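Chain W is already provided as a structure; the job is to place chain V on it using the hints.
Protein sequences appear in the order of chains W and V. Counting from 1, position 13 in the first sequence corresponds to residue 12 in numbering that gives the first Met the number 0; the numbering is continuous, with no gaps. Counting from 1, position 308 in the second sequence corresponds to residue 307 in numbering that gives the first Met the number 0; the numbering is continuous, with no gaps.
Hints listed in this document are in silico derivations from the structure and should not be mistaken for laboratory results. These numbers come from a predicted model, not from an experiment. Wrong hints could be hidden among the right ones.
Note that the list lumps identical chains together, so a pair holds whenever it fits in one copy or between two copies.
What the hints assert, rightly or not - Calculated lysine to aspartate or glutamate pairs in the EDC-like style (CA-CA distance at most 20 angstroms, straight line):
hint : residue 1 : residue 2
1    : 7         : 99
2    : 7         : 101
3    : 146       : 332
There are 2 protein chains.
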Amino acid sequence: MQNMQKGKASIAFDHPPYITSAASVAGKKEGEGPLGPLFDVVEQDEMMGEKNWEAAESKFQKKAASLALEKGGLKPGDVRYLFAGDLLGQLIATSFGIMELEIPLFGLYGACSTMGESISLAAMTVEAGYADRSLAMVSSHFATAEKQFRFPLGYGNQRAYSATWTATGAGAVVIESSHPWTDGAGAAEPKALAKISGITTGRIVDFGLKDSTNMGAAMAPAAFHTIWQHFQDFDRSEKDYDKIITGDLGTIGQTILLDLLRKKGYDLAGNHMDCGIELFDSQSQDTHAGGSGCGCSAITLCSYILPKLQDGTWKRVLFVPTGALHSTVSYNEGESVPGIAHGVVLEHIG
Amino acid sequence: MQNMQKGKASIAFDHPPYITSAASVAGKKEGEGPLGPLFDVVEQDEMMGEKNWEAAESKFQKKAASLALEKGGLKPGDVRYLFAGDLLGQLIATSFGIMELEIPLFGLYGACSTMGESISLAAMTVEAGYADRSLAMVSSHFATAEKQFRFPLGYGNQRAYSATWTATGAGAVVIESSHPWTDGAGAAEPKALAKISGITTGRIVDFGLKDSTNMGAAMAPAAFHTIWQHFQDFDRSEKDYDKIITGDLGTIGQTILLDLLRKKGYDLAGNHMDCGIELFDSQSQDTHAGGSGCGCSAITLCSYILPKLQDGTWKRVLFVPTGALHSTVSYNEGESVPGIAHGVVLEHIG
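So here's chain W without its partners, still in its complex pose:
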């Protein structure tokens, strides 16, 4: 089976697993943005009827998981493994969100890159035959993230132009083995949304930036490294993709990413897209450099990217959620903000 290893940091799947169901549960502000009409659910109450924000974020996860299962005609018991995470210390949004599902859990932390990490591991697990079906899920919440990383909301602290706005929302995808369908076993082809043909796993990249209000700049080198590594490993370039989609670089990070890639001879100006830039209308919604948070790339994937792959508008995209690996402790101790980015190749089936 060694032929699945590709280059230095990638896997090309022999039997690309399918994403057979996806659900996006978004907050009110996200619902008012350009992607608003596409979300499965827009919650008008960002407290979700709970007593605190963290419990609300947990409820976003619970709802996204339930909806992804429901849309796929599944029960929790049909899913063998759950790969999930969030931005909060000790992953409390996840721990309290998925308990009732009673699914074996691998808890993950890759900051805002976690949707890339969870899809990668869920796909590996399914393709290897360890599971017929896995669930990959992440969440973020504007209020829990501000409390975790920045200032109490009541301060009304002024935000830097380079700052991004943590998205409130949760996205979940069901990943299934394609063996029953592609091995000619006679099973009916599911209405799958896309196939996962490969992954490129990121390493930590640190250019020494220390400004945690400019996470786009901090993460751009990691996005660059993963995309560049992906091109080497698969012997491809930007021309092989309809879109190359980063997670939450925002406008400043995007400029840096395009510059870094241009120096290596790749011109992504024509087909780069950033979920953080798509999610909000930064002018009218005052979100500055764009959206962020693991929920940002997750709900954009589930509501906007997967449907375009399903209907064939896009044949192949590289989905690269990006994460900034800092905490208030590391920041206060004067450390830099290292980045990481995990790439997933998603393709139209057919």
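Below, chain V without anything else, positioned relative to chain W:
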């Protein structure tokens, strides 16, 4: 390949991956305990020459990884994936500890169960052929954990009798595919320490306990569930194991675990071992209910458990690191302390 799935939550590996190298780097207090003489390194300076505790914990990881590679005659470039985590918010000990290795990273959070999670995923990845070699590593540090979860050390706060003492240390294991040796490809058999013949992945179990100074009690139900599930999935009992080894239940958690299992007809009194109980002499070292932290089970594994498997003293053990999934935020909001435990079957080779 579907035959590798076993029961509801387990995998039995067709070609059990090998642990070919392991390293334990322990703190001063751990070095003074019963396992002291067994550690590869005992650091007398728990600051590791750094300016703060978090940087020190990162250095424990760096040292454990380097040493595990060195003992295996390897360079970082020989390892395809790193599965690592720690207890701190946003995994900063890991992020700043492993950066220089430049290995693709899957960041994990399972509280003190993370060594079980990292070994599980590293073994799955290797057995599926995605990697020839993976590294699984975790750390904890008494001072970073007290700062993260409890009171400033300077307060000299009195500790509850049920409290455990977070171990300072990092453990790392190199996991390699056994294909080159077991497929008769003629490669020389490595001096492997043990093989990983199966895993049972835990789910979140919450009995509603809210006392974060009694984590043993909070985690015991999760340990019980994983061990019980393991027995069902593999159609085994405690009689099939030389030792069943939990991570850090301590004396109180151990009593609860044995009681819960006894009610299901399993008597582990003769062969249960808890890393937290082994690590310290609770009388002379004033550690109360035992040791804890992801480092606790990791350094016990690398220094004490693996050698006993290598020399055949034990033929088969079930290693079950246990985690308490709370944070100060969830605690202060009145939430319970849910638990999780991940089981790994380790066997003597030969």
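These are the hints, each one checked on the structure:
1. With identical chains, the CA atoms of residue 7 and residue 99 are at most 20 angstroms apart between copies only, with a shortest distance of 16 angstroms across copies and 39 angstroms within one.
2. Taking the closest pair of Cα atoms, residue 7 and residue 101 come within 20 angstroms of each other only across two copies (11 angstroms); inside a single copy the shortest separation is 36 angstroms, beyond that limit.
3. Both within a single protomer and between protomers do residue 146 and residue 332 lie at most 20 angstroms apart by alpha-carbon distance, with minima of 19 angstroms and 14 angstroms respectively.
Violated hints for the displayed structure: none, as all numbered hints are satisfied.
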